[in-house]
Amino acid sequence: MATDFEGKKIVVIGGASGMGLKAAEDVMAAGGSAVIVGRPGRKLNDAVASLSRSGSAWSIEADLADWDQVVEAQKQLAEDHPDATLLVNSAGFFLPKLFLDYEVAHYDSYHDLNRATFFLTQTVVRAMVAGGQGGAIVNVGSMWAHQALAVTPSSAYSMAKAGLHALTHNLAIELASEGIRVNAVAPAVTRTPLFEKVFPADQLDDAMDQLSGLHPLGRVGTPQDVASAIVFLLSSASSWITGAILNVDGGVMAGRY
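Numbered according to the numbering used here, the sequence shown terminates at residue 480, and the numbering increases by one at each position without gaps.
What the hints contain is simulated information worked out from the structure, not anything from laboratory work.
Relax, there's no trap hidden among the hints.
Only pairs whose alpha carbons sit at most 30 Å apart, straight line, appear in this in silico DSS-like list of lysine-lysine: (1) K298 <-> K232; (2) K266 <-> K320; (3) K420 <-> K320; (4) K232 <-> K266; (5) K420 <-> K266; (6) K298 <-> K266.
For each label pair, taking beta carbons as the anchor points, the in silico distance ranges come out as: (7) Q433 <-> E397: 37 to 47 Å; (8) G357 <-> D269: 24 to 34 Å; (9) L323 <-> E302: 44 to 54 Å; (10) R349 <-> W463: 16 to 26 Å; (11) A389 <-> A328: 21 to 31 Å; (12) N393 <-> F322: 24 to 34 Å; (13) F322 <-> V352: 32 to 42 Å; (14) G278 <-> Q345: 19 to 29 Å.
We put the CB at the ideal spot given by N, CA and C, even for glycine.
Please model the entire structure based on the sequences and the hints provided.
See the structure below:
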């Protein structure tokens with residue numbers, strides 16, 4: 224896989240940190256270039272500056288909760304990056320909340336993210352089909368789409384991620400004839416900025432230690448753990464895999480089937 228991505232361009236939606244950024248780094252280390260779509264701000268700027276030290280990297284600023292910004296991102300992708308043949312949908316957030324405590328705004332935040340993911344993917348796929356070179360897409364789903372945990376009540380999050388898993392299956396069938404593979408990863412607890420927003424900073428280490436016991440392999444995941452699985456699914460090493468939801472979960476789901 225050392226030269227597997229030579230000359231290839233990856234688009235990472237939500238790639239300014241965590242597993243999306245790690246996946247972009249790995250693709251660039253293997254000869255590719257990267258486009259990072261993320262919320263305007265220092266985090267996005269720093270991520271692209273860091274990636275640019277390894278090769279060509281671009282940013283597209285978009286708050287995915289703002290439909291006008293999503294439309295503008297679609298235009299930039301179509302006009303400036305029609306040659307992208309790799310896509311990772313890694314944008315997300317995780318704010319556990321009891322079902323009876325949800326308000327419309329909470330629900331809409333997940334719905335808006337799925338809508339942005341759907342139509343940004345459509346834009347990239349349209350260019351892939353026109354280019355005729357095939358492609359590979361990896362969606363970042365979640366263990367929470369498979370099961371519920373009382374310690375992290377997440378009905379809206381789980382519903383959104385289950386929808387992303389379903390989109391993965393549907394696109395795998397629709398796009399197979401175009402040579403475009405579509406898979407997903409389903410991580411369990413992974414220490415990323417997403418989880419750092421769930422727990423206060425002074426409680427994060429203890430929370431991660433406690434959650435480690437959930438995983439048969441005895442630890443929570445790292446961004447690199449998940450990125451390595453993403454990169455495998457993007458690479459030619461997985462050329463006969465499409466429509467898969469790959470559990471990257473330290474063994475959690477092995478005891479649930």
